[in-house]
Amino acid sequence: DTGVSQNPRHKITKRGQNVTFRCDPISEHNRLYWYRQTLGQGPEFLTYFQNEAQLEKSRLLSDRFSAERPKGSFSTLEIQRTEQGDSAMYLCASSLDRASGGSTDTQYFGPGTRLTVL
Amino acid sequence: GDSVTQMEGPVTLSEEAFLTINCTYTATGYPSLFWYVQYPGEGLQLLLKATKADDKGSNKGFEATYRKETTSFHLEKGSVQVSDSAVYFCALSDPISGNTPLVFGKGTRLSVIA
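In order, the protein sequences belong to chains A and B.
Oh and the first sequence: position 25 is 47 in our numbering, straight run, nothing missing.
Oh and the second sequence: position 10 is 759 in our numbering, straight run, nothing missing.
Fair warning: there could be bad hints in the mix.
As the list claims (entries may be wrong) - Only pairs whose alpha carbons sit at most 35 angstroms apart, straight line, appear in this in silico DSBU-like list of lysine-lysine: (1) B:K855 <-> B:K805; (2) B:K817 <-> A:K33; (3) A:K36 <-> B:K855; (4) B:K805 <-> A:K79; (5) B:K817 <-> A:K93; (6) B:K826 <-> A:K93; (7) B:K817 <-> B:K855; (8) B:K809 <-> B:K826; (9) B:K855 <-> A:K93; (10) B:K855 <-> A:K79; (11) B:K809 <-> B:K855.
What the hints assert, rightly or not - Counterexamples of contact, computed for chain A against chain B with all Cβ distances above 12 angstroms: (12) T42; (13) R44; (14) R53; (15) E78; (16) S84; (17) F87; (18) R103; (19) G107; (20) D108; (21) S109; (22) D119; (23) G132.
By construction, these hints were calculated from the structure, which means they are not laboratory data.
Note that CB positions come from ideal geometry on N, CA and C, so glycine has one too.
Build the full structure now, drawing on both the sequences and the hints.
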């Protein structure tokens, strides 16, 4: 079990540029979540997948944000036309749902990608 | 909607002191409750959890009891160490009402001094 990994760990970009982050979940986990954490706050839910299906999106996820999980394994989160307000830590988590034998609701987090928009 | 409220920090304690971090929640269903910890420079780690009323979660000397009557899940430790210095997050997940993603509190920063 290698845990959840995220790349890159840090990203600095200029306003208006597009950025893409990658998350590799724990291999047998079928659920994958994206959260955003700003300084001094708890993580806020953005979206989640069950296998390749995107099941829920938060209203925080504006039209500039898109997430994919094309083969039900790794996921990407893209932000288009970045704004300074997008600066945050982007966290990925994974879990195995109960129907598949997992422990209900236990999500395991990656180290996060810190985005700074200048 | 569902929400979590936890005591604001920072909390500063001397080594071996008793720790309590208060957490209360609002949920429409019967949530599972969690405490996550974030050590400096690291990601969130699950510390403990409880999935039904009166359950006690425990790990590394930390404990929290799911109190449905007071909608609380306070974190306690009898004797803190310098290595416990971190940010602690209370969270809930309410799958019965359809809310599988975690809802977090704002976090409480704990500093333990020798």
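- [ ] Kindly indicate which numbered hints from before are broken by the structure, ordering the numbers from low to high.
- [x] Checked against the structure, the hints that fail are numbers 2, 5, 6, 14, 15, 22 and 23, while the rest are satisfied.
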